[in-house]
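Participant: Could you build all of it, start to finish, from the sequences and the hints given here?
So the protein sequences, as listed, match chains A and B. Residue numbering for the first sequence follows the working numbering, beginning at 1 and increasing consecutively. Residue numbering for the second sequence follows the working numbering, beginning at 1 and increasing consecutively.
Everything hinted at is true.
According to the in silico footprint, chain B covers these stretches of chain A (three or more CB under 8 Å from chain B):
1. 80 to 94
2. 100 to 112
3. 177 to 185
4. 202 to 216
Honestly, the hints are just simulated from the structure, not real lab data. What you are looking at is a predicted structure, and each value in this text was computed from that prediction instead of being measured. Glycine included, C-beta positions come from ideal geometry on N, C-alpha and C.
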Amino acid sequence: MKKSLNRDWKKLWARPGILALLVVTLALWLVSPVLAQKKMIQVKGSDTMVNLVQILAEEYMAKKPGTAIAVLGGGSGTGITAIINGTCDLANHSREWKPKELDLAYEKGVRPRVFAIAVDALSIIVNEKNPLETLTMAQVGSIFRGEIKNWKVLGGPDQKISLYGRQSNSGTYSFLQEHVLNNKNYSPDVKEMNGNAQIIEAVTQDLAGIGYVGVGYLYDENGQLRKGLKVLKIKKDDNSPEYSPLDKEAVYSAKYAISRPLYQCTNGKPSAALADFIRFELSPEGQAIVEKEGFFKIGKELMELNEKNLR
Amino acid sequence: MGTVKKKGILGDLKESLIQRLFQTSGLLAIIVLVGIFALLLHTSIPAFREVSLKEFLTSTRWDPTSPERPEYGLLSMLASTVMVTFGALLVAFPVGVAVAAYLSDVASPRVRELVKPVVELLAAIPSVVVGFIGITLVGPLIAKLFNLSHGLTALNGSLLLAIMALPTIISISEDSLNAVPVSYVEASLALGANRWQTLVRVKIPAALSGIIASMMLGMGRAIGETMTVLMATGNARAFPHGFLQSVRTLTANIAIELGEVPYYTTHYYALFAIGLVLFILTFFVNLTADVILEKQKRKLR
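Facilitator: The following block contains the structure:
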């Protein structure tokens with residue numbers, strides 16, 4: 001019996017898979033203290049901001065070797081919850097804190113400090129075959145509240161409107177609900193997608209689709225506008241002129257009606273490492289990346305607020 | 001090996017130790033089950049301080065983050081879960097039983113050796129992959145077939161869940177068909193019945209309780225499945241009126257909302273209450289399946 005056992009062991013050793021596994025485990029175990037020494041900054045939150053902050057982090061890490069920043073999505077609500085629960089260092093959020101969340105944070109001894117790092121022009125998209133070009137804010141609200149159900153009402157084809165939106169943990173979901181739906185409920189027919197990219201994917205396939213996404217998602221890796229989509233122009237009301245979120249001048253002069261700052265927040269005064277990263281994001285170099293990714297630079301007022309919160 | 005050792009005191013001790021070990025392992029399963037139930041119950045109860053049980057079970061609107069008035073009605077999602085599950089069984093049950101009958105009665109040993117492992121491999125496909133197939137292949141196909149603008153519908157979820165329930169249905173049905181004593185078959189053939197008559201009028205009725213149990217177990221799998229339906233059914237909260245509509249199931253709702261919900265709020269507790277409902281649902285489905293299987297074993301003994 002002993003002999004056969006011995007042979008079995010030898011066989012086990014001879015398996016390349018098991019050997020490889022052991023080697024990898026050993027290597028990881030040896031390397032882990034080295035990895036731990038690198039100070040890791042955990043960033044979490046808004047899906048709209050995840051690509052932008054990822055690229056900012058990569059540029060920053062390339063400039064400052066020895067720093068490590070991990071960026072995760074999940075939605076603004078997830079990021080804010082993570083700051084409250086102390087599971088991340090920096091939260092991305094595309095909406096402001098809700099009073100309830102602030103209460104919860106103060107209860108737990110968390111003192112959020114907020115920085116605006118970019119401006120987003122919330123974009124309403126439809127399929128490229130949709131003949132519509134323009135909607136008013138009120139019309140967008142009615143569509144997502146489920147009051148207008150057919151494209152015919154808006155001068156389109158006789159086809160049921162197919163709604164795409166984000167999930168309730170999304171800052172974009174909350175922002176649209178507050179500023180465009182006038183704090184009324186979304187239609188229960190909205191199909192809730194798991195992020196901006198999924199909405200874009202769905203609307204390019206769905207001739208009757210309409211959705212909302214952050215402006216940065218309208219471009220592909222090469223900075224070209226994505227195919228299959230039409231970005232609608234928005235009018236503040238019936239009598240005001242129409243503006244596109246792709247029109248830089250209109251967004252910077254606040255003529256485009258649904259733009260919003262994109263925020264990051266820390267718990268209390270940011271540590272030296274965190275402050276350095278935030279300074280990089282706000283620097284002309286960082287802001288150039290923001291524009292390259294399709295978003296917009298922050299204005300003077302917000303920048304002054306940032307400076308105050310950094311100190 | 002081969003020689004039986006005489007038992008000494010040490011041997012006795014060893015034996016009783018081993019016995020204890022197995023006993024504890026058996027008990028552990030029960031403890032874990034009861035523990036999960038207790039935890040779910042304990043975490044769900046606070047939800048009903050603010051939500052009435054009547055609203056929870058009979059309202060069709062679920063909108064906990066509504067700025068107008070938070071609503072906690074589970075009925076739409078319960079209906080969606082039931083609909084998607086039964087849709088899946090409607091497809092998977094006939095196909096599954098047919099495959100099982102083919103494997104046990106018709107297929108040559110070589111074919112059986114080939115098909116059985118493939119069917120079992122079907123169970124090994126990760127649910128996220130099935131969901132992906134739903135988004136890229138089955139969904140668009142449904143959209144084209146029914147002339148819809150998109151395919152993220154209850155039907156899409158049902159078809160995918162059918163694929164996932166098939167391995168359970170096939171392997172348990174086949175086992176119970178094989179468990180039918182040879183004497184039944186021989187008697188039937190001796191009386192002049194042909195193979196088809198023997199299969200349909202003797203073997204399947206004899207194995208019926210096992211076949212029904214396989215369906216119940218497949219159903220348990222379909223009710224609890226999350227990722228696939230989350231990806232494939234569109235997750236609209238409206239009450240379902242047909243298979244060509246987007247629906248949100250109970251499991252998908254928990255997956256969508258639990259990640260972001262602030263801890264220890266009514267919304268958080270209400271999600272656990274949904275978990276409790278799911279637990280009770282699958283528990284009874286599986287229990288029924290077990291009782292039916294046990295009955296069949298006795299009958300054929």
